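Trainee: Protein sequences, first through last, are from chains A and B.
Okay, so the first sequence: first residue is 1 according to the numbering used here, each after it adds one.
Okay, so the second sequence: first residue is 1 according to the numbering used here, each after it adds one.
No lab work stands behind these hints, which were simulated from the structure alone.
A couple of the hints might just be wrong.
Some residues of chain B that are not near chain A, with every Cβ distance over 12 Å (derived) [what the hints assert, rightly or not]:
1. R382
2. L529
3. D593
Have a look at the derived ranges for each label pair, beta carbon to beta carbon [stated by the list, open to error]:
4. A/H55 / B/G244: 31 to 39 Å
5. A/D40 / B/R204: 17 to 25 Å
6. A/R85 / B/S517: 28 to 36 Å
7. B/R514 / A/K129: 52 to 60 Å
8. B/S517 / A/H55: 40 to 48 Å
9. B/R204 / A/T165: 12 to 20 Å
10. A/P38 / B/K202: 27 to 35 Å
11. B/S481 / A/T78: 56 to 64 Å
With the Cβ distance kept under 8 Å, some of the chain B side facing chain A (calculated, not the full set) [said to hold, decoys possible]:
12. E138
13. R146
14. P147
15. H151
16. L171
17. R206
18. I219
19. P330
20. T331
21. S334
22. K335
23. L358
Since the structure is predicted, the reported quantities are computational estimates derived from the model, not experimental observations.
Cβ atoms here follow ideal geometry from the backbone N, Cα and C, with glycine treated the same way.
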Amino acid sequence: MQQTILSILLENEPGALSRIVGLFSQRAFNIESLTVAPTDDKSLSRITIATSGDHKVIEQITKQVNKLVDVLKIKELTNISHIERELMFVKLNAKTPDARDEIKRTADIFRGQIVDSTNQLYTVQLTGKKDKLNAFIRSIRRQSDIIEIVRSGCVAIARGEKALTA
Amino acid sequence: MLTSETTRKSDALVEQPPSANNSNALFTGAELVVKSLVDLGVKHIFGYPGGSVLDIYDALLAQEDIQHILVRHEQAATHMADGYSRSTDEVGVVLVTSGPGATNCVTGIATAYMDSIPMVVLSGQVATHLIGDDAFQETDMLGCSRPIVKHSYTCRNAEEIPATIAKAFHLAKSGRPGPVVVDLPKDKLSPPHRFKYEMPEKVRIRSYNPTIKGHAKQIKKAIEAIKNAERPVIYAGGGVILSGASELLLEFTETINAPVASTLMGLGCIPGEHSHFVGMLGLHGTYEANKTMANADVIVALGARFDDRVTNNTSKFCPDATIIHVDIDPTSISKNIHAHIPVVGSIEVVLRQFLDALAVKEDFKTPSYTSWWQDIKGWRERQCLGYQKEGSGIKSQQVIESIYRATNGDALITSDVGQHQMFAALYYPFKRPKQWINSGGLGTMGFGFPAAMGVKLANPEKEVVCISGDGSIQMNIQELSTCLQYSIPVKIVILNNKNLGMVKQLQDINYDGRHSSVYMDSLPDFVRLAEAYGHIGMTISDPQKLDESLAQAMAMKDKVVLINVEVEENEHVYPMQKKFGAIDDMWLAKGVDQ
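Let the hints inform the model, and build the full structure from the sequences given.
Mentor: Right, dumping it as C-alpha cells:
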C-alpha cells in the first residue's frame, strides 16, 4: 500500500472540512495526514490529504471526494511530478554541553534550525519529506531525549505548469 | 457586520404588508421560506410543528397553495414525502422542528439517500446565539445527517433563504437525486426583521456539475461490445426509473433483443409481462434472471449499483462477462464490481446515444440470439415461482396474486420490509415505472404505510395499496390517525404470519431453526385497532374467501381499509441465493437445490 497524496480545492464553507473527514471515516478510508487552509481566494480552501490504499481504493476515494457538493477539484499528486513538504518541531533535552553540540550538528546535517532554546531544551525546526523527518527522529533519538514532537502533515504542489485552480 | 445589521434594522422599520406583486414588499424569514416553496411549485408539505418553526407554521396560514399534512411522528413525514416523490417527478418536502423533530427524520432521510430520492427537509434550529449551548431542543442536525444527505445547508442570513431553498431543490432533483437538509435557526425566521424576496432565475453551484451525457469514446466502446455479444443481458436498476428512461429502455431492449433482469428498485422499468423480462435478480431473484446473468457474455448495467444483495459473492460474480456500466454517479461504477466499459451519464441520455449509435450502424440488425433465448426458455421452464397451494391456510404468494387480480394489476403498490416485500416484488408483475414503491437500499420497516399515504396524496385518482407484515405495520401504525384527518383512503394488506418472517427464515436456514425474538405473541387485534382509529378493519383467514374479501375491500374507494390476512406461518421466500455462492447458486424451495 503506497502513500498517496491528494490535493483538494473546496468551498471555504463551515462544515466543508467535516464533510471530507466524515467521508473518510464513513467509508473506512485512511487518513495519514490532513492539512487545510484558505487560499488567496478567501472563498476557497485547499486541503492536502496523505492517504494509502490500493488502486481501487484510491479511485473510490477520489470519486467520493469529488462527489461532495463543496468540492471543486481533486487531484492525485503522487502519480505526477510534484513537490511535497512537511514541517516539524522537535523539543529535545539538551542539558549537557555534549548533547547541545550533538543536536546542533545533527540539525545542521538535516538542514534544520534551532528556533528556541532554554537552559534545558532545544527546539528544532525541520522541513522536508516524511522520510527525511523520520530519519532525523531516528538519528536524534540516539543522542537525546525527545520531549515533544509536532508535525504539520504534508503539503504538496505539482511541478511545472500544472495547477489546481478554480 | 455592523453595516448590514444597521441596514436590517432600518428595513424592519418599514412596515409593509407582504404582497407578491410588489417587488419592494418585505417579508420575515418564515414568510420567505413559505413564499419560496410556493414559487417552487410545492403543493404538499409533511411535517410537525414545534418551538423553532412556529413562525413558518404561522406563515403557512396566510397562503392556500400548499397543504400541510400534520403527521403523528416525524419519521412518517419523511416516508410520506419520499413516497410522494417516488410516485411523481416532484421533490418531497418535510418540515420539522429542531432537536427531536429533526432527529426523528434521520431514518427517513437515510431511506431516501440509499434509494436516491429527491427530498428537502427543512429543520428548525435554535436561535443562532444559542447554538452550541446545549439549548432546549438543540441538535446538530447538519452533523447528524451529514453521512446520509446529498448536501445540507444552514441558513446564516435570512436574505439568502430563497436562494438556499432553490439550491436545495436543484441538488435534490438533479444528477443522482437525494435528500437535502436545510437548517433554519429560529432568529432567521422571526419578526420583526423583514427582507426583500429574491429568488434566483437559475441556480448555479460552481462546484456541482453532474455529467449527463456519455463520453463519445465510451459510447463507441459499449456499442462495439453490444454488437459483438452472443449472450447479452440488460441489468436495469432504479436509475432507469429515476431518469424517466423506461420507454427508451423498451426500445433499446427490443432493438438489441436482449433479456432484461431488474433489481428490486428497478421493477416496473419494463412491463413485468414483457417477453424480454426475466424477472428480478439477486438474493430472492428468479432462477431465470440469475441464470441469465451468470451465463451472459455482455452485461449492460443501467442505473444499478451491483449491490451485495444482487451479486452474492463478488469474487464469483459473472467472471466471463464484459461489463458495461452506465450510471450518473461515477462512485457507483467499479465500486463493487469492476466495469470494463464505464459510461458516466444519465440513463435516459445515454440510452438515446446508444440507440442513435446503433441506428447509424449500417451493419447492425437486431440479432436473433436463437440459442441464447433457447437457454433462457429452459431456465424459465423451471417455474421457480411455483409454490404448493394445497393446505388449509392462506399462502402469502396467493395473497399477492389475489391483490393483483383485485386491482387489475394497476394499483400503486408500496411495501414494508421483510418476506411480504419479496413476495410482492415477485408475484405482482408491475406494468409501469413508479408503480412499485419500497425501501430497497436501507430496508426500512415502517416505510410502506406512510409512503402509501404520500403516494395517494400525489395520485388521488389511483388505487394505492400498502403490502405490509405484522412486524412492519406496527412501526408507523400511528399514521392511521393522519389518514382520518386528511381522508387519505389507502388500503393496507397485512400478511400476518404472527412472526418476523424474514428473520425467522434466516434463523431457520443459518441458525438451525433456533428462533430468537421473532414471535409476535401479543399482536393487537388489527380489526379493532383500525376501528379505533375510525377506519374499516377486516380479517381474512379462509383461502376460499380471499379473492372475494379483497375485492370487497378494494371496492371501498373512499375508505381506509386495513386488511389483516392470516397467512401460513412457516412459509419461506424462494428462490434464494446460497450464502457465499455465485449469483446463480440458489435454493428453489425448502431443501430444493437448483
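Trainee: Hints first: check each against the structure and report whether it holds.
Mentor: Evaluated hints:
no. : hint                        : verdict
1   : R382                        : holds, 36 Å
2   : L529                        : holds, 39 Å
3   : D593                        : holds, 34 Å
4   : A/H55 / B/G244: 31 to 39 Å  : holds, 35 Å
5   : A/D40 / B/R204: 17 to 25 Å  : holds, 23 Å
6   : A/R85 / B/S517: 28 to 36 Å  : violated, 57 Å
7   : B/R514 / A/K129: 52 to 60 Å : holds, 57 Å
8   : B/S517 / A/H55: 40 to 48 Å  : holds, 43 Å
9   : B/R204 / A/T165: 12 to 20 Å : holds, 19 Å
10  : A/P38 / B/K202: 27 to 35 Å  : holds, 28 Å
11  : B/S481 / A/T78: 56 to 64 Å  : holds, 59 Å
12  : E138                        : violated, 16 Å
13  : R146                        : holds, 5 Å
14  : P147                        : holds, 5 Å
15  : H151                        : holds, 4 Å
16  : L171                        : holds, 6 Å
17  : R206                        : holds, 7 Å
18  : I219                        : violated, 20 Å
19  : P330                        : holds, 5 Å
20  : T331                        : holds, 4 Å
21  : S334                        : holds, 7 Å
22  : K335                        : holds, 6 Å
23  : L358                        : violated, 29 Å
Against the hints set out earlier in the document, violations occur for numbers 6, 12, 18 and 23.
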